[in-house]
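Peer 1: Residue numbers (my numbering), protein chains in the order written: chain A, -7 to 163; chain B, 1321 to 1442.
Careful, some of the hints might be misleading.
[As the list claims (entries may be wrong)] Listed below are the simulated SDA-like cross-link pairs for lysine to any residue, each with C-alpha atoms no more than 25 Å apart in a straight line: (1) A:K160 x B:A1409; (2) A:K113 x A:M5; (3) A:K113 x A:N23; (4) A:K160 x B:R1427; (5) A:K88 x B:D1435; (6) A:K160 x B:A1416; (7) A:K160 x B:I1421; (8) A:K160 x B:R1429; (9) A:K131 x B:I1421; (10) A:K160 x B:D1436; (11) A:K160 x B:A1413.
Just so you know, these hints were derived from the structure itself, not from any lab.
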Amino acid sequence: MNLPVTGEQLTFMALAGIAALMAVGVVVLNNPVRSAMCLVVNFFFLAFIYFTLNAQLLGISQILVYTGAIMVLFLFVVMLLNLGGKQIFKERRDFKPILGMVVGVSLFGMISSQLILPMLKVDQIRADNAYGAPQSIGKTLFTNYVWPFEIASVLLLVGIVGSILLAKRRV
Amino acid sequence: MGAPAQPVLQSVPLGWYLALGLFTFITGAVGVVVRRNPVVVFMCIELMLNSVNLTFLAFARYSPTVVPGMANDPQTWMTGQMMVIFVMAVAAAEVAVGLGIIMAIFRLRNEVDVDDMSALRG
């Protein structure tokens, strides 16, 4: 069997195709709830692509953090603002979508021709197979990256307090 | 180091992952500029952050950071994944604060249209 694409490449194409289609759906669809649903599917398939990159822990945390926590936050805000009901935005029918598409396609062509075409030949995996395992990530996170980890925890605390202050009617 | 994981998708070149990341990033960037709904603008920012995460992971697998003098150190494989973890943490904080700001603006002005918001003070 000497197919031009292997089964693994077909698997990647299927995952990446659905992810890219859903990314377009987030931008194109008018209803924010539909955009949020597209984003959920996109995050899910991105998590599967993380699995194919042997980054298992990050794929699982992608599902937990993004599709679990962040998307629930988005849907809560859409629900509270009632943007999905009668108040769906009328996107203006002007030059902006067409101009955006032109800019996007030209940017994609420019960057991919300069940066991605040379990378197409790179297919040798250099990292260890267990580099995405929880053991190695935890070991690195708590030895070499312990100060950034602490700073991230402080940032999350500030974010929690700040969002409570913003959301309260009066302090 | 850990349980032996089977390598998967070995025949996919690095450029394919980068192409997907670039496509998602540009889709998000165009969406930020084109859309008027602030919640959808935030979703597009999330798309961009995720595409950067994908690029980090792809580079971490195919060409790890080469630190002079420690080429075979396992730590050099982990740099990309550490960046992804911190990007996720920062994205979570950013979404919480940003959606709080949208709620505050909605309460103040009863409408949220990105094109009409130009004042920094209420």
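Peer 1: Evaluate each hint against the coordinates.
Peer 2: Against the structure, the hints come out as follows:
no., hint, result
1, A:K160 x B:A1409, "23 Å, holds"
2, A:K113 x A:M5, "17 Å, holds"
3, A:K113 x A:N23, "41 Å, violated"
4, A:K160 x B:R1427, "11 Å, holds"
5, A:K88 x B:D1435, "12 Å, holds"
6, A:K160 x B:A1416, "13 Å, holds"
7, A:K160 x B:I1421, "11 Å, holds"
8, A:K160 x B:R1429, "16 Å, holds"
9, A:K131 x B:I1421, "37 Å, violated"
10, A:K160 x B:D1436, "24 Å, holds"
11, A:K160 x B:A1413, "17 Å, holds"
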